[in-house]
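Number of protein chains: 2
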Amino acid sequence: MPVARSQTGKKPSTGALSNDELRKMDAYWRACNYLCAGMLYLVNNPLLREPLKPEHIKNRLLGHWGSDPGQTFTWVHLNRLIKKYDLDLIYLSGPGHGAPAVLSNCYLEGVYSEVYPDKSEDEAGMQKFFKQFSFPGGIGSHCTPETPGSIHEGGELGYSLSHGFGAAFDNPDLIVTVMVGDGEAETGPLATSWHSNKFLDPVRDGAVLPILHLNGYKIANPTILARISHEELEALFVGYGWTPYFVEGDDPAVMHQIMADVTERCIIEIRAIQSKARSSKSKSPERPRWPMIVLRTPKGWTGPKEVDGHKVEGFWRAHQIPILDPKTSPKHLKQLEAWMKSYKPDELFDESGRLLEELRELAPKGTRRISGNPHANGGLLRKPLDMPDFRKYAIDVKQPGQVEVSSTYTLGGFLRDIMRQNMTSFRVFGPDETASNRLQVVYEASPKTWMAKILPEDADGTDIAPDGRVMEMLSEHTLEGWFEGYVLTGRHGFLSSYEAFVHIIDSMFNQHAKWLEKSKLELRWRAPISSINFLITSLVWRQDHNGFTHQDPGFIDVVSNKSPHVTRIYLPPDANCLLSVADHCLRSTNYVNVIVADKAPHLQYLSMDDAIKHCTKGIGIWDFASTDAGSEPDVVIASAGDIPTAEALAATAILREHCTDLKIRFINVVDLFRLMPASEHPHGLSEREFDSLFTLDKPVIFNFHAYASLIHKFTYKRKNHDNIHVRGYKEQGNINTPLELAILNQIDRFDIAIDVVDRVPKLQASAAHLKEWLKDQIIESVNYAHENGIDRKEITDWKWPV
Amino acid sequence: MPVARSQTGKKPSTGALSNDELRKMDAYWRACNYLCAGMLYLVNNPLLREPLKPEHIKNRLLGHWGSDPGQTFTWVHLNRLIKKYDLDLIYLSGPGHGAPAVLSNCYLEGVYSEVYPDKSEDEAGMQKFFKQFSFPGGIGSHCTPETPGSIHEGGELGYSLSHGFGAAFDNPDLIVTVMVGDGEAETGPLATSWHSNKFLDPVRDGAVLPILHLNGYKIANPTILARISHEELEALFVGYGWTPYFVEGDDPAVMHQIMADVTERCIIEIRAIQSKARSSKSKSPERPRWPMIVLRTPKGWTGPKEVDGHKVEGFWRAHQIPILDPKTSPKHLKQLEAWMKSYKPDELFDESGRLLEELRELAPKGTRRISGNPHANGGLLRKPLDMPDFRKYAIDVKQPGQVEVSSTYTLGGFLRDIMRQNMTSFRVFGPDETASNRLQVVYEASPKTWMAKILPEDADGTDIAPDGRVMEMLSEHTLEGWFEGYVLTGRHGFLSSYEAFVHIIDSMFNQHAKWLEKSKLELRWRAPISSINFLITSLVWRQDHNGFTHQDPGFIDVVSNKSPHVTRIYLPPDANCLLSVADHCLRSTNYVNVIVADKAPHLQYLSMDDAIKHCTKGIGIWDFASTDAGSEPDVVIASAGDIPTAEALAATAILREHCTDLKIRFINVVDLFRLMPASEHPHGLSEREFDSLFTLDKPVIFNFHAYASLIHKFTYKRKNHDNIHVRGYKEQGNINTPLELAILNQIDRFDIAIDVVDRVPKLQASAAHLKEWLKDQIIESVNYAHENGIDRKEITDWKWPV
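Chains as they are written, first to last, in our numbering: chain A, 153 to 954; chain B, 153 to 954.
Okay, chain A solo, but in the shape it has when bound (with noise of 0.2 Å):
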């Protein structure tokens, strides 16, 4: 391998450490390593004090030793760093599969024992913490939630830098290494989050430090980083605005010594960029050009070179379970005893077990110690929002049904506000839609932050400033990690997304939940983190005219899917109401809280204090659209979602007005797990409340915002199941007016009232008038909106009648 190289082409100096701090530190490392393959292999004999026998080494032996030494050998000169400069540094581990790295640290900085206290620092703890790694039972194989000073899982790879930049925004002092996978560099999400250096301001946020690990393979293949010219990986990273510092060979001896340089180098770059854009006037100060480091070594550095003749340090085969067999074959085991022996156990643990105290000092103290920093505890850290009070924003409803308004616009100003009064703490990400999702009135109280060039006519209304707290980017991913990363560290923030391609980040949700999920429900020490609050917007009935690509509302299925303690779905009706959920969802903690609210105007129907009424109850009857007046009604028309309540509303209308003697009861949900049993959700109803709203046996029209099969998995062990008739979207679209999409679909008023007629035994007789005019009334919809282009007006002027 080269010898290590610095962008610059110039040598670093290999005289950074001294004998006595390079004796210590690369014992230190071994400590760690020695720790890695003892998680690995062991359930006894943690110290090799005995030769080592099969009944030493685990039934099942799984995990991954390939990115561990490159990983421990990082953080060990990270150590160094923290203690020399007293900074405030996170780690987070892009391969999160090489846990054992992140572990062996936490234990041996006595993070792990303060934590979990039957792992202690000596021999019977160490055996407890080696058995209990990726054993039934026991912990897991990534960094998850159980890690102290892990934000960051890796399970699913793509998201560390993303994370990373989360956890940097508006952390002044803090610095966030990054290691990067070179197999997750592959993926899409990591790929283009380099871009995330445009997002950051050096004057009031904190500093990324990506090291990209080019180990070199992954499974079984290599990468592709690996196997690109020097020249090429240079001028990719430049091409992305970094500075790239190169510490490439195997040479532990050198490699410490280059280590010790370049990651010193980067700090004081670091603090360079940070002093110089602070005490700069300048309001459009030049984009730094951040440090990075490209740490090129073996795979499974310092394990078994060679096993049964096939190469496994710097290899693929390195990458999990370096000796397959040592329980079954003696020469394996012997390999094994040798290869962990290497490490020198007995010139690291003192007699009992317990790392040498001249080692210990290596590592920093107290909060300083990357596994005991509280930002990789945000919950700590985290303060509640200071909110201004959303009744300001009401809507002023006097009649149901009277004035159109955008709900989306409306939430807009209590945004701003919030962002008023937390001006270090709060954030609004959206890729690239802010504006075209009407929330744009947040600019008013900060612009879309902006490192990249900025021109003169951006003047005119594009709203950009380094220093702004409006995320926009066009990727989901990155916003979506940014996001996580920055409530993860005990701050809190607000994403909208279209609604069909909030499904590019399914995966990322889903990861995000079972960390919350285990966090709030098996771990005490991790305190509360704010919530995940995402705005759907620009829903499937009005992607009338993006046509069939652009209509999807299934998010909330895989939502549904998830854990009942960590997950919320709200379908506000109207502003007042999704002002109401907003404040919710604003103020909570350890949730993902959906809200599915279009931006376009729409009739508003509830005063801000009936909305507040309805929204904390979460389900009710709308009395102003009953004609039941709380006797048995003849049908039950419900609603969620803003689009089909107003359509289930205009077929009540209809009703009302032609079968007078019809008793309705009108029903709309705004918080979509009222439906489920108790027994299954927190929010669920009572059978006995469920079947006070829906009857045990009248004909219930649910008009449905997203796919009608969501409602029958909520309410299927109802009592009135059966007579529960969904209507949602059914995949019928292409460019149509609104009103014709919703007939497509069969959500639309004429449909409704249609359904309502034919299952409700006393209209039958009377009714084939009002069913042959509801359906000249959709032909004529349909026929107007192919000539015109637009629905009729009779339709989109239609009020609820006062």
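For the record, the hints were derived by calculation from the structure and aren't laboratory data. Mixed in with the good hints there might be a few duds.
[Said to hold, decoys possible] Straight-line alpha carbon distances no greater than 27 Å define the calculated BS3-like cross-link-like pairs of lysine-lysine that follow: (1) 869/B x 714/A; (2) 605/A x 463/B; (3) 945/A x 283/B; (4) 714/A x 714/B; (5) 236/A x 428/A; (6) 951/A x 544/A; (7) 457/B x 605/A; (8) 869/B x 815/B; (9) 815/A x 850/A; (10) 882/A x 714/B; (11) 479/B x 945/A; (12) 714/B x 869/A.
Here the structure is a predicted model, which means the values were calculated and not measured.
Here the structure of chain A is known, so what remains is to put chain B in place on it, guided by the hints.
For chain B alone, coordinates are given in the frame of chain A:
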């Protein structure tokens, strides 16, 4: 703007075109741009032969102008080269919302009128062509399936380049030009897809010519790549492994000359790379640095410079409709008219409204027309796979449940031979996991594609070569994009993925399913293409060691939301069933087939003959496990999925032993959609069939692979639904043994047996003892696992009792 420059700094020639060529090409371009504007605005007066009046303007203005002129400019220059070099060339529009650019060329080439004769090449046809654009009942504003020449809609951004590479693989004579939007370039999937050049073999594959369209703006923001320095931009693409050529400017006359020169240079370079590689005898040719173009033109080029004093051309205001209210503002109506007249339509179209003959000659003829190229209607070129007989790979199953085999390993042999028999039209895709998913015998037919560096140690098991046919990169997005591009151009493929992480491409699946549905049901002229075949493996129930984040069986929930006309879900219980299902899927067209099968060894149940019968029916009673002897059973035990089937069978064995008079019917489901009503899915069982299998009133214990709610979703309309009790994944799991994970989610043998005992009235008196024993088994199993790290031998060695 700076004058165009090439990467080398060499000033391009400005005399590539003669004056006459320049004049005509510019006129052709003006015709395109005129048509684009017409599509956005006009319902009538298409050639502006009368003064423009409000009634000529659409009531609702919807569409995107911004990227149109740059795209049409590119197309016109590609036409020149197609003619000059007789190129076989297709075009993918990354910013597909700029569909007017593609549609206008399609119309001018005559293809649109051939496919849609009412949109004829005359004034009347042009009026219809304009009116239908983004108009109710008309066509979308994206490059939807309705667009001849399109294989890439560009609605959801990020996949243009991976689609382009998919089209180029195994098409040695094809040049795929891909217009990449600079907004799109911010997405993760696009950012990593530049690395596809490490997987393109210049000998065997065609070429991809990316054109990054530096338009400068998204909806309301600048783009990142437009606001970094030239040096960074150039370094970025050099780093990605390309040779970038820059074409930058806004003076059409100059830009035509430069674009002509640069595009021609790229074609010559592509041909030189190909002929060098193809004439070389080297087995490890050097990876070429393919050319690409960075085209920096003003957004909305040639459109209105300003509207009401606000900058429009070259600014984000040009993104959609540049003049917003010509119907109501006389001033803006005038401005629109002046803008459209600036293209001089009278000099472009003849009296009848047809493009002038001297301009028509600029377009290629027949199938050389980009919009008429058969590669963009790949079904026309598709040949069925030459398939070996899948029965050859059968596992010899003499008795059910006696031998353990990895089903996916068995499948590997079949895939290997399919590959051998189809060495130019079949590829296998997997994110670094073909071997990890036990399909590694396919490497016997062909190694993995790898154009980056190959090292000597790779000879020992890495299985990579430039002409490999197995596609592996750690990017689900890129693989799925390649796969889609490959089948859309008439070829075949198979993709395997970890179950939890296939959610990464949920939204890509959605988009492709929507494309298929429109193509299949509404567009006769689109010939059927091969299905997308997903093998979902490394299943939730064997992620007991990777832990919670790797446990998510919800992809099939996403799939179930899409049209029944294009989706299929199969859960083969063993290897022979997997072979039969895979054979069926690989022969099919116009579906997304999802096959769920684990990679670990599992018991085998059916002989090949029985497997074929079972899979053909898709659901059936397993007589060997049933004790109802054809009569009405006391209980139905049903299963879907390999691991739940094994547990359900083990439960059945326990019950047969302990409850000898219990009449059990055992049903296995392979084709999940059989459960749906026949009225809702073409594979659905009739009511009678379903009732005769599942009875009208007996308890059904359904052990399911994924989330239980999916079975309820499919069966809630069935008569016996209230008695169907489904067990599935409940988001319970961490580090476990396989049995412990099953126990946590209650899909294990003991819990099922307890459930049966609880639900069958005749057992309840006598079975208290059995229930106690079953509960003890659960406790003992977990205790054993926590002590030993593995399941008890009597569990792992369990066989069906013969």
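Okay, the hints, checked on the actual structure:
1. 869/B x 714/A: holds (25 Å)
2. 605/A x 463/B: holds (18 Å)
3. 945/A x 283/B: The given pair, whose Cα atoms are some 21 Å apart, holds under the 27 Å limit.
4. 714/A x 714/B: holds (21 Å)
5. 236/A x 428/A: Between residue 236/A and residue 428/A the Cα gap is close to 21 Å, so the pair holds against 27 Å.
6. 951/A x 544/A: holds (25 Å)
7. 457/B x 605/A: Given that 27 Å is the threshold and the Cα spacing comes to 22 Å, the pair holds.
8. 869/B x 815/B: Given pair residue 869/B, residue 815/B holds - Cα atoms ~26 Å apart, limit 27 Å.
9. 815/A x 850/A: holds (11 Å)
10. 882/A x 714/B: holds (8 Å)
11. 479/B x 945/A: holds (17 Å)
12. 714/B x 869/A: Given that 27 Å is the threshold and the Cα spacing comes to 25 Å, the pair holds.
Figure legend: structure checked against the earlier numbered hints; every hint is met.
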